[in-house]
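Could you put the whole structure together from the sequences, leaning on the hints where they help?
Keeping their order, the protein sequence lines are chains A and B. Note that the first sequence ends on residue 112 in my numbering; no numbers are left out. Note that the second sequence ends on residue 112 in my numbering; no numbers are left out.
Rather than coming from a laboratory, the hints here were simulated on the basis of the structure. Check each hint, because a few of them may be wrong.
Unchecked claim - Taking CB as the label site, the calculated pair distances span:
| id | chain 1 | residue 1 | chain 2 | residue 2 | range |
| --- | --- | --- | --- | --- | --- |
| 1 | A | 83 | B | 7 | 30 to 36 Å |
| 2 | B | 50 | A | 112 | 42 to 48 Å |
| 3 | A | 15 | B | 13 | 43 to 49 Å |
| 4 | B | 7 | A | 5 | 32 to 38 Å |
| 5 | A | 70 | B | 3 | 32 to 38 Å |
| 6 | A | 15 | B | 112 | 44 to 50 Å |
| 7 | A | 40 | B | 112 | 19 to 25 Å |
| 8 | B | 14 | A | 67 | 45 to 51 Å |
Unchecked claim - Which stretches of chain A does chain B cover? Using the computed rule of at least three CB atoms under 8 Å from a CB of chain B, they are:
| id | segment |
| --- | --- |
| 9 | 34-47 |
| 10 | 50-57 |
| 11 | 86-97 |
| 12 | 103-109 |
Note that the Cβ used here is the ideal one computed from N, Cα and C, for glycine as well.
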Amino acid sequence: DTEVTQTPKHLVMGMTNKKSLKCEQHMGHRAMYWYKQKAKKPPELMFVYSYEKLSINESVPSRFSPECPNSSLLNLHLHALQPEDSALYLCASSQGPEETQYFGPGTRLLVL
Amino acid sequence: GQNIDQPTEMTATEGAIVQINCTYQTSGFNGLFWYQQHAGEAPTFLSYNVLDGLEEKGRFSSFLSRSKGYSYLLLKELQMKDSASYLCAVDPGSSTLGRLYFGRGTQLTVWP
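Below, the structure written as structure tokens:
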């Protein structure tokens, strides 16, 4: 089983809203990732959690706030986003930080 | 910096064979991954190469030459459902803490 789940599938929010994206895996993976992907572009890494600790923050604006409550869950809290933040947000996980990454289906976010 | 290069677009006909090339120049090397991504969906893991040579998985094969900084993905007996973007990604090694560097993706269109 290589399933990573993400909720919601679609999200529309205004620039003053606060929302959260959720990601879950039950494969015992100890590394989890957030990526942002614009149309016709490759995924861009945002954050990496390794053994529940934030190991990489790719200079992401503070309006994106990651959280890893436990080894199976990863959240991305959104606040005061801009229209240019509209994108597909992908979560991925791997056994360890240098192992094969498996992606969830993504959340398609539209900021109005 | 890390540089991953692959062609932007390719076309082929059903039943044919297509080879998608990827060249890389990275600070180190800890493996190369190929992912398939259909429009609007998440990337799906296809293959992983860390040693030189050919890895075969059904209709898909992936080749690596570390000395040349070169890989290719070979798709045989093409089907319409193989129309997708194919992403080459490199893990430069432990100093990058599991960060993958993606090429821009190769959009493959399979014609009947």
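Taking the hints in turn, this is what the structure says about them:
no. : hint                        : result
1   : A:83 with B:7: 30 to 36 Å   : 32 Å, holds
2   : B:50 with A:112: 42 to 48 Å : 44 Å, holds
3   : A:15 with B:13: 43 to 49 Å  : 47 Å, holds
4   : B:7 with A:5: 32 to 38 Å    : 33 Å, holds
5   : A:70 with B:3: 32 to 38 Å   : 37 Å, holds
6   : A:15 with B:112: 44 to 50 Å : 45 Å, holds
7   : A:40 with B:112: 19 to 25 Å : 24 Å, holds
8   : B:14 with A:67: 45 to 51 Å  : 46 Å, holds
9   : 34-47                       : holds (count 5)
10  : 50-57                       : holds (count 3)
11  : 86-97                       : holds (count 5)
12  : 103-109                     : holds (count 5)
Violated hints for the displayed structure: none, as all numbered hints are satisfied.
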